[in-house]
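Throw the hints in and build the complete structure from the sequences for me.
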Amino acid sequence: MKSSHELKNYQNEQHSFKLRLTVLGFFVLFGFILLAARFYFLQISRHDYYQTLAENNRISIVPITPNRGLISDRNGVVLAHNFFVYTLEITPSKVEDFDATISEISKLVEVSPLDLKRFKKLKAESRTFESIPLRTHLNEVEAAKFAVNRFRFPGVELKSRLFRRYPLGKQGAHMVGYIGRINDKDLANLTKNNALSNYKGTDHIGKSGIEQSYESALHGTTGFQQVEIDADGKAVRILSSQAPISGSNLILSADSKLQEIAETAFGDRRGALVAIKPGTGEVLAFVSMPTFDSNLFVDGIDVENWKLLNESLDKPLINRPLRGVYPPGSTFKPFAALAGLENDKRKPPFSINDSGFYTLPNSSHRYRDWKPGGHGVVDMRRAITISCDTFFYGLAMELGINRLSSFVRHFGFGQKSGIDIAGEVSGLLPTPEWKMRRYKQPWYMGETVIVGIGQGYTLTTPMQLAQATAILANKGVAMRPHLVSAIADPKTGIAKVTQPIISDKITLDENNLEIVRLGMIDVTLPGGTAASVGANAGYSVAAKTGTAQVIGIKQNEKYNADLINERHRDHALFIAYAPAEEPKIALAVIVENGGHGGSAAGPIARKVMDYYLLGKVPAKETPEEIKVKNPAELNNVNSTNQSTNTNEEVHYD
Amino acid sequence: MLTEIFQKLLKHIDAFLMACVLFTLLVGLFVLYSASGQSIDKISAQIINITIALFMMWAVTNVQPQLLERIAPPLYLVGVLLLIIVEIFGHVSHGAQRWLDLGMIKIQPSEIMRIAAPMMLAWYFSKREVSPTKADFAIATILLMIPVVLIMKQPDLGTSLLITGSGFFVIFLAGLSWRFIIGSAVVLGGCMPFFWSILHDYQRRRIEILFDPSQDPLGAGYHTIQATIAIGSGGIAGKGWLNGSQSQLDFLPERTTDFIFAVFAEEFGLAGNLILLVLFSLIIVRGLMIAAQAKSTFSRLLAGSITLTFFTYAFVNMGMVSGILPVVGVPLPLISYGGTSMVSLLIGFGVLMSIQTHKKLVASG
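Taken in sequence, the protein lines are chains E and A.
Our numbering puts the first residue of the first sequence at 1, with every later residue one more than the last.
Our numbering puts the first residue of the second sequence at 1001, with every later residue one more than the last.
Certain hints may be false.
Pairs of lysine-lysine residues, derived as DSSO-like cross-links and limited to a Cα-Cα distance of at most 27 Å, are as follows [to be verified]:
1. K121(E) x K185(E)
2. K18(E) x K1127(A)
3. K584(E) x K416(E)
4. K1042(A) x K200(E)
5. K159(E) x K185(E)
6. K18(E) x K1295(A)
7. K496(E) x K315(E)
8. K307(E) x K121(E)
9. K120(E) x K200(E)
10. K1042(A) x K192(E)
11. K170(E) x K345(E)
12. K18(E) x K1134(A)
13. K440(E) x K416(E)
14. K18(E) x K207(E)
15. K257(E) x K496(E)
16. K185(E) x K1042(A)
17. K347(E) x K371(E)
18. K145(E) x K94(E)
19. K345(E) x K435(E)
20. K1359(A) x K18(E)
21. K607(E) x K170(E)
The hints are simulated quantities; they were obtained by calculation from the structure and are not laboratory data.
Since the structure is predicted, the reported quantities are computational estimates derived from the model, not experimental observations.
Below you can see the structure in the form of structure tokens.
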């Protein structure tokens, strides 16, 4: 194939090309024969060798789970921590006869019927190759007893595991939340977030509260160990390792003592309390009553306890501050008042002469005040103090639903507060558009009237109510509420402090704020609807009481607390901030079916404020008397036709 | 009526080649299903890749070889330009700078070069009035080395070697003298230390470990060791589809892409491997036949190069997975998961089919 300088000779070139193509063809053939030979060598000659290697492939990667971050309150009181315990675990796929195995085990180590029930529940929920705890918290003697007999129980293992404990048990359970075993839903979530590999070796994950919402910070980074394993799967040698990174420690803004005082003050009543530091948005107390013991959930809750909690009429598992929705009742009035003043309505010296009811033009329907016969001459400040319904009926009418709703929306009504734990609902702030969407019906004037006193469609969560109060206390500057005030690196101890975030700024006239503030201070002075709350306090309290109807009352009926079922009694509401001059704490309290806000919810607020502002710890006493002794204010709203005979108006979303 | 449309649509499809390719693609989907841990998502994505690639192949079959010849130089220039842009602005992923991010789409200019480089060389030789001189071979070599060096710098050793191969096949088929081939092989051997010095550390390490995988059983050698265990344990008949313990138990790395052959070999054994070799051989034989029957210099050089490049792909991949070649990051053609390589491969087959089916119309050039 000499290269030639002649003009192209096509025949020659074709010939040369085909020859070279043939050469390449042989090249291909040679290549494939080489490969085939290699395959023969690997798959026939050395098949047995590789077969053995594959059967007990000796290199295994063992994850090392990181320590979960600790949770403590603002004073360093630990709310969630970890400890090592021995657990006895069974891998279902490796055990043939469960009953025989378990009965043999119970000869060595006590297995209670409760343990057995929990095990069966977990077994049903888990996959067969997952190891499931039969007994947890084995003591040294039990652990040793089993270890000696281990060989008799294939598929049963003694493990030393890091457990989560909530030292305060029931206290603040809704806030701290709990962890539980990772289920299919969690797995799907982790897969979606590309976090699955970081959870190798981890059995638990945050299920609610802080534990859930700060999962990624608390969990840490899983480490790995490459080990050589023998045919039984036991590690014989560590080849390389990467240490895990512990999860961050969380420091909450909540004060556990304050929390304890608030919870104790509730006694066995149902309800919620949220206390916020108005200037920063730090949540100081987050109470949902009744509560439950978070520790029950950590190892997987047993059927009995679960039934007890889940089926209780008191609904202890519901996070009331975030998910309980209640009509705000009269606690709505300060905000309606500001809406009026800012829109130049009802400014001093305006006053009305209240004869005990309000009627719409061209209608005979009477919207009655809670006080038969009325309050006489009432101006804005006094209207707040005595909670004059008639005054606010008229105010709402004159403002109109759109102006009223759009103004109070800035205080967080009808929207999530943005607190840093998940599950919040947004409540409801009605507008004609909303009603058309929801019910395909136009808005009626009568509905505006009752919105003015916090009844009708309006629904708020305790969190929202507390946030609205905090915004009011902070003169219109809304701080985003948060429970976690710092995230600390466990190794260096360096804490990342949560910076206060201004989420909204409402421009308000100083004079208007002052009118509302004075009206609210008068509430806790003699003659106000919560005079007892301010009595001998040592600091001034700006507050508002409220009562939310649970059942509708017909036009000519009277509400009588003693005659109706306890669960149909009105909800007691109370909002306050103190000291009124320079607010350090703002709060909202709801006592379900508690009756009147001033007498049922007010004292709880007082105890919380006393401790927070003065460090005063209430003397041990039996919980407050539930009975309404002196119904000074009962908002017997004879609401319009639409709310008659609606039975339960409290919704749990 | 319908059959007419059908016939018109498939006028430029080479039935035999098409049948072999489709069958191999089908085998690939089965292996991928197993290798991906029975992921329907992966399969769906691959089916989309295949559909796009088949459509592009079909489009190319309808392009006359003369047009391909005319667009060869501009395509080559655009390719080189894009490679330079990638060098300057490229998107780094997995430690390599290969992608050009155009917002909506990311393109990998090195993939364009897989077809553009051999096309350019074939064009160059077809334009020579006389039989190629030494100078022509030198110019062709330079034309080839420009993209190869740029791609090697990305660094993408696998692709740059494959493009070198595809260019070499054109030069060889154009009639490079045997004396020169043997001579340069000797020189190349002498230049090894130089090439060694321009390789990246990880590439050198791969080559070192190729000769002694036990050097680094948990790092770079891990791939090869686990893959050979997988292949070897497959035996004659294999462990059965979805039953490969190495494949299913996470021991095999990159098992849907570069190491998918290990999954295949473990589950289908030596029998499966031989069938796959036969399938590949059928494709190659058909390609060589198309090259032999091609009517223009450009067509025959290009067809030969595409066919041999396909062989190189298959050989290098199976060689590296079974431990006789270094791990250079070449996917198994038509089987490995991935869109770009699928597209460039099937476009290559499209060119082959175009050359075959248009030749009646081509005047003997």
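To see whether the hints hold, each was checked on the structure:
no.: 1; hint: K121(E) x K185(E); result: holds (17 Å)
no.: 2; hint: K18(E) x K1127(A); result: holds (20 Å)
no.: 3; hint: K584(E) x K416(E); result: holds (23 Å)
no.: 4; hint: K1042(A) x K200(E); result: holds (23 Å)
no.: 5; hint: K159(E) x K185(E); result: holds (26 Å)
no.: 6; hint: K18(E) x K1295(A); result: holds (12 Å)
no.: 7; hint: K496(E) x K315(E); result: violated (36 Å)
no.: 8; hint: K307(E) x K121(E); result: holds (13 Å)
no.: 9; hint: K120(E) x K200(E); result: holds (24 Å)
no.: 10; hint: K1042(A) x K192(E); result: holds (15 Å)
no.: 11; hint: K170(E) x K345(E); result: violated (48 Å)
no.: 12; hint: K18(E) x K1134(A); result: holds (21 Å)
no.: 13; hint: K440(E) x K416(E); result: holds (25 Å)
no.: 14; hint: K18(E) x K207(E); result: violated (72 Å)
no.: 15; hint: K257(E) x K496(E); result: holds (24 Å)
no.: 16; hint: K185(E) x K1042(A); result: holds (22 Å)
no.: 17; hint: K347(E) x K371(E); result: holds (24 Å)
no.: 18; hint: K145(E) x K94(E); result: holds (21 Å)
no.: 19; hint: K345(E) x K435(E); result: holds (26 Å)
no.: 20; hint: K1359(A) x K18(E); result: holds (17 Å)
no.: 21; hint: K607(E) x K170(E); result: holds (20 Å)
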